[in-house]
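As given, the protein sequences belong to chains V and X, one line each in that order. The first sequence begins at 1176 in our numbering and counts up by one. The second sequence begins at 1176 in our numbering and counts up by one.
No wet-lab data here; the hints were simulated from the structure. From a predicted model like this one, the values you see are computed outputs, not experimental measurements.
Since the list gives no way to pick one copy over another, a pair counts as held whenever it fits inside one copy or between any two copies.
Each computed DSBU-like pair below joins lysine-lysine, with the alpha-carbon atoms no more than 30 Å apart:
no. : residue 1 : residue 2
1   : K1411     : K1378
2   : K1233     : K1294
3   : K1480     : K1387
4   : K1411     : K1387
Number of protein chains: 2
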Amino acid sequence: MATESWIPNYDTNSEFSLANIPFGIITTRDDPAPRAAIAIGSSVLDLKALTTSLDLDKLTKVFPGVDIPKLADTLAQPTLNAFAQLGRPVHRVVRKGIQDLLRKDTPFQPILGENEDLKSKALLHQRDARMHLPMAIGDYTDFYAGYHHAYAVGVMFRGPENALQPNYTHLPVGYHGRASSIVVSGTPIRRPVGQILLDPATKQPVTEPSRKLDIELELGCFIAKPNDIGEAVSVKDAEEHIFGYVLLNDWSARDIQTWEYVPLGPFNGKNFASTISPWVVLADALEPFRTNAIENKTELQGYLKEGRDDSVFDIKLEVDLTTAEGDTTTIGRTSSKHLMWSFPQMIAHHTLGGCPLRSGDLLGSGTISGPGGVGERGSLLEMNEGGKKEILLYGMDARTFLKDGDTVTLRGSCGEAGQKVGFGSCVGRIYSAAQR
Amino acid sequence: MATESWIPNYDTNSEFSLANIPFGIITTRDDPAPRAAIAIGSSVLDLKALTTSLDLDKLTKVFPGVDIPKLADTLAQPTLNAFAQLGRPVHRVVRKGIQDLLRKDTPFQPILGENEDLKSKALLHQRDARMHLPMAIGDYTDFYAGYHHAYAVGVMFRGPENALQPNYTHLPVGYHGRASSIVVSGTPIRRPVGQILLDPATKQPVTEPSRKLDIELELGCFIAKPNDIGEAVSVKDAEEHIFGYVLLNDWSARDIQTWEYVPLGPFNGKNFASTISPWVVLADALEPFRTNAIENKTELQGYLKEGRDDSVFDIKLEVDLTTAEGDTTTIGRTSSKHLMWSFPQMIAHHTLGGCPLRSGDLLGSGTISGPGGVGERGSLLEMNEGGKKEILLYGMDARTFLKDGDTVTLRGSCGEAGQKVGFGSCVGRIYSAAQR
Chain V
1176 MATESWIPNY
1186 DTNSEFSLAN
1196 IPFGIITTRD
1206 DPAPRAAIAI
1216 GSSVLDLKAL
1226 TTSLDLDKLT
1236 KVFPGVDIPK
1246 LADTLAQPTL
1256 NAFAQLGRPV
1266 HRVVRKGIQD
1276 LLRKDTPFQP
1286 ILGENEDLKS
1296 KALLHQRDAR
1306 MHLPMAIGDY
1316 TDFYAGYHHA
1326 YAVGVMFRGP
1336 ENALQPNYTH
1346 LPVGYHGRAS
1356 SIVVSGTPIR
1366 RPVGQILLDP
1376 ATKQPVTEPS
1386 RKLDIELELG
1396 CFIAKPNDIG
1406 EAVSVKDAEE
1416 HIFGYVLLND
1426 WSARDIQTWE
1436 YVPLGPFNGK
1446 NFASTISPWV
1456 VLADALEPFR
1466 TNAIENKTEL
1476 QGYLKEGRDD
1486 SVFDIKLEVD
1496 LTTAEGDTTT
1506 IGRTSSKHLM
1516 WSFPQMIAHH
1526 TLGGCPLRSG
1536 DLLGSGTISG
1546 PGGVGERGSL
1556 LEMNEGGKKE
1566 ILLYGMDART
1576 FLKDGDTVTL
1586 RGSCGEAGQK
1596 VGFGSCVGRI
1606 YSAAQR
Chain X
1176 MATESWIPNY
1186 DTNSEFSLAN
1196 IPFGIITTRD
1206 DPAPRAAIAI
1216 GSSVLDLKAL
1226 TTSLDLDKLT
1236 KVFPGVDIPK
1246 LADTLAQPTL
1256 NAFAQLGRPV
1266 HRVVRKGIQD
1276 LLRKDTPFQP
1286 ILGENEDLKS
1296 KALLHQRDAR
1306 MHLPMAIGDY
1316 TDFYAGYHHA
1326 YAVGVMFRGP
1336 ENALQPNYTH
1346 LPVGYHGRAS
1356 SIVVSGTPIR
1366 RPVGQILLDP
1376 ATKQPVTEPS
1386 RKLDIELELG
1396 CFIAKPNDIG
1406 EAVSVKDAEE
1416 HIFGYVLLND
1426 WSARDIQTWE
1436 YVPLGPFNGK
1446 NFASTISPWV
1456 VLADALEPFR
1466 TNAIENKTEL
1476 QGYLKEGRDD
1486 SVFDIKLEVD
1496 LTTAEGDTTT
1506 IGRTSSKHLM
1516 WSFPQMIAHH
1526 TLGGCPLRSG
1536 DLLGSGTISG
1546 PGGVGERGSL
1556 LEMNEGGKKE
1566 ILLYGMDART
1576 FLKDGDTVTL
1586 RGSCGEAGQK
1596 VGFGSCVGRI
1606 YSAAQR
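Work out the full structure, taking the sequences as your base and the hints as a guide.
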């Protein structure tokens, strides 16, 4: 099948290749109403414009078997929740239809490719679209499935004896995060003020801007199909409940977290902001990149047995730190395969007692670090070995934690040229707690 | 001022007195569209019917200074979020206007009291209204401000040495709960299945229905006025961010919780369901019942200093357990004054780092127990002294934790006859994990 698109300036090396087709929410100068779009190369296809401009006949040909008025209605909404709720069988048809429209030398090419009026309405350059949060996020749950991270941080907080609790290999440990402070890539991040125990000997905390502002490199997973309260989702059915994936930077103030988190878990150390990338990569786009999760030698409870080992994805992940002066250093390189628990396992565990997951709910993987050296780690806390070592940057600079003016960019992609599937970037710049 | 209403069958002993006027969301047989109402005595006043039937002139007289079309729009919505967002100054005027309409012998009485057509449209008996969740709850945060509970449970989980962590008296400890599983009073509660470590010696968990299903008696607080991300709410301004209060039963599976909660806090042990009472008692209705919080001898950080001691409410709280056979025993009697932290302090702490609270967000106080004997406690875990003693019930029955078929009812009220302010009941009946 041709991997080329007729789209102007289509670069086969793009991470928004024909094999991707990620969904997002855009506004434009001409139309300030948020609506659905996909990314292709350096372009954006406005799906509201597409579905309102083409006649029912053509749309039925492109998206066979789909309720077209219903589809058009979901694509005109300000979030992707209603589209997600249509379910994966519909997402498959819609993604394939869009691929057919955009691929060179198919019978579908004329529908959009040779319709100058429609192209002028629906195709735009990415720089002319403003991205918004793709989903209205009802609840956000952050797991802790990155084994190497959990172990390394456990050692720092509780020593090697208690680094991993006895439950760690029996269940995907997670906690409820804060949905209201999830922001889309590009939103500036204010350094949080918090209670901090500067000197444990004094037992007297202070209230100050965090001195240990950190990142957490995570993969985020959006729920498509909801489950009713009281109804567990089996691990085998869980795949069909997944809409797609984003990059997630779960900003963390380590000094605030250390003082507050016992006994009920992280709170203000995490709830000031979490950044996600704007394009949702559909679950089907990642299927070719399956690989084995970290081996878990524990005999699992039945509800967590997947009957497959290739339950995670090998997405190359990178963390860039850009200083206020503009020097960029890639400070971390790892892969999303370094998880001990898969998202289907997280969903099966989350719903085991009957907790309802709604369309648009977000699950975080937990910080992802590799098994190797400091260059493979997904948080500064691990790179600086608990605050003890400096992370060297270009421009003769160095960090232990983030400085005001620093910008952190997460990137993730997989696949070869022509078939690349990537997330775009997940960016946040820190500004001072004092700045109003 | 007259404390009598002209409402038919008005009982001056009602907890929905003229001094209360709590807000809720109803549907009726004739009109299945959810909409706002208030409770008065054993009646309900449909506020959508009221504001759409009266002319602008009369409404302006009753609710002076309020944007009437905007008010009418918020009262016709399926949740109280938009009404809450109008802010406390508007809530004050609206509550007073409704009191004037309903009070005997005022110039306002004829507007509703002598308008038979309007009465037939807007006044109904409580049994003819179905109650719904009053708010669309974006995020739910559960605090731990019940000092006596925190201490007693801390002893059980970690021993007397570590019962309260060093942070407990410095900040209101809290964690993020699950918003999707909050249900309105009357919703049946399925016993959750979960991973449980039955025998710690074996280190091998099982997956079973919880054997230690418990309640938590809490006061819930709804947010009215939102704050922007990055903007802290000062403790002095926090009162104006409060919409009102409900009773909250934060159902807890202690065996699931014990195994899962280290190191990131409670998860499946709590997220299967939380029940709230349907009527939101506005913050102003509780003003007369202020009293001092539990004394905290720790020197507080500036952002937590309220400059007043009467920062909590003395609401009499009761817990009833009704067996499947229908025998009811009041197993707990306490007061909402047994908190070491006030809701304004919780709000100031929650937003200190910039976390946005949205209109409709729910804060739980944490379980409320008195300082006295087992009869003053807000959870079975405390009443049964960590599972060691039976709680005796009428009908020659007894419990350590809840049985299938048990119904738990929370009640709360304050004030003398004629001026009573109460919450109605917060009810949930347990059904078996095996039942489909």
